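Heads up: the protein sequence lines correspond to chains H and V, in order.
Position in the first sequence counted from 1, then plus 1367, gives you the numbering used here.
Position in the second sequence counted from 1, then plus 1, gives you the numbering used here.
These aren't lab readings, by the way, just hints derived from the structure by calculation.
Remember, predicted model here, so these are calculated numbers, not experimental data.
Be careful, since some hints might not be right.
[Claimed, not checked] Covered stretches of chain H, going by a simulated chain V footprint (3 or more residues, C-beta under 8 Å):
no., region
1, 1385-1392
2, 1443-1453
[As the list claims (entries may be wrong)] Derived lysine-lysine pairs resembling DSBU-like cross-links, with alpha carbons at most 35 Å apart:
no., chain 1, residue 1, chain 2, residue 2
3, H, Lys1378, V, Lys50
4, H, Lys1378, H, Lys1424
5, V, Lys59, H, Lys1424
6, V, Lys78, V, Lys23
7, H, Lys1384, H, Lys1424
8, H, Lys1382, H, Lys1424
9, V, Lys59, V, Lys23
10, V, Lys78, V, Lys50
11, V, Lys70, V, Lys50
12, V, Lys70, H, Lys1424
13, V, Lys59, V, Lys70
14, V, Lys23, V, Lys70
15, H, Lys1424, V, Lys23
16, H, Lys1384, V, Lys23
17, V, Lys59, V, Lys78
Using N, Cα and C, we set each Cβ at its ideal position, and we do this for glycine too.
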Amino acid sequence: GAGVSQSPSNKVTEKGKDVELRCDPISGHTALYWYRQRLGQGLEFLIYFQGNSAPDKSGLPSDRFSAERTGESVSTLTIQRTQQEDSAVYLCASSLAFHTATFGSGTRLTVV
Amino acid sequence: AQSVAQPEDQVNVAEGNPLTVKCTYSVSGNPYLFWYVQYPNRGLQFLLKYITGDNLVKGSYGFEAEFNKSQTSFHLKKPSALVSDSALYFCAVRDGDYGQNFVFGPGTRLSVLP
């Protein structure tokens, strides 16, 4: 597509529930990134996919967080047993290798 | 490992005056440097980048940045600030030799006062 698409744009969930966030990258982009941005804060790296290489999961904050990517296509970020501190905007970006990353509009997650 | 520092949480400037938002970086290989801007309730928008070539890079909305290898800096500048430039600005670095991910600075909030 023309840009990076994230869904849903907003998600309110109850504490303890699982949530799944989706990212559709720009077609042909080999790299895909997930970041978390808490209110008024900077970007916190979560995970990075590059082609068929093993993903860099070093930023995932706990084992409740996981992400998958099918080839060079869609990625899903799953948060299990959500906690209130998981409330944030989750941003996805994609890029060609060594090129500019293009960001989606994000998913605003609120855990109540 | 890569890292980015933005030493100022907040920068205030009067409309029409020049603005500078500072960024310093650390990377093992060749630095690929980027500036992004975030307006309220919006995603990040790309402003400009340095990969190679001329140290002075020009980007969107009249912004420019100067790559200084000896000082490991990539400060964002604009000759004449607009109120509409008020936003959150992020500097990012990528290791050009090792292909690692983008590492972002903590962000600098720019307020341009009328």
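Verification of the supplied hints:
1. 1385-1392: Not satisfied, violated; 0 residues make the cut.
2. 1443-1453: violated (count 0)
3. H:Lys1378 - V:Lys50: Holds. Lys1378 of chain H to Lys50 of chain V sits at ~33 Å (cutoff 35 Å).
4. H:Lys1378 - H:Lys1424: holds, 24 Å
5. V:Lys59 - H:Lys1424: holds, 34 Å
6. V:Lys78 - V:Lys23: At roughly 9 Å apart (the allowed maximum being 35 Å), Lys23 of chain V and Lys78 of chain V satisfy the hint.
7. H:Lys1384 - H:Lys1424: OK: Lys1384 of chain H and Lys1424 of chain H at ~22 Å, within 35 Å.
8. H:Lys1382 - H:Lys1424: Holds: Lys1382 of chain H and Lys1424 of chain H sit about 24 Å apart, inside 35 Å.
9. V:Lys59 - V:Lys23: holds, 16 Å
10. V:Lys78 - V:Lys50: holds, 13 Å
11. V:Lys70 - V:Lys50: Holds. Lys70 of chain V to Lys50 of chain V sits at ~15 Å (cutoff 35 Å).
12. V:Lys70 - H:Lys1424: holds, 30 Å
13. V:Lys59 - V:Lys70: Satisfied, since the Cα-Cα distance of roughly 17 Å is no more than 35 Å.
14. V:Lys23 - V:Lys70: holds, 14 Å
15. H:Lys1424 - V:Lys23: With a Cα-Cα distance of about 29 Å, the restraint between Lys1424 of chain H and Lys23 of chain V holds, given a limit of 35 Å.
16. H:Lys1384 - V:Lys23: Between Lys1384 of chain H and Lys23 of chain V the Cα gap is close to 41 Å, so the pair fails against 35 Å, i.e. violated.
17. V:Lys59 - V:Lys78: holds, 10 Å
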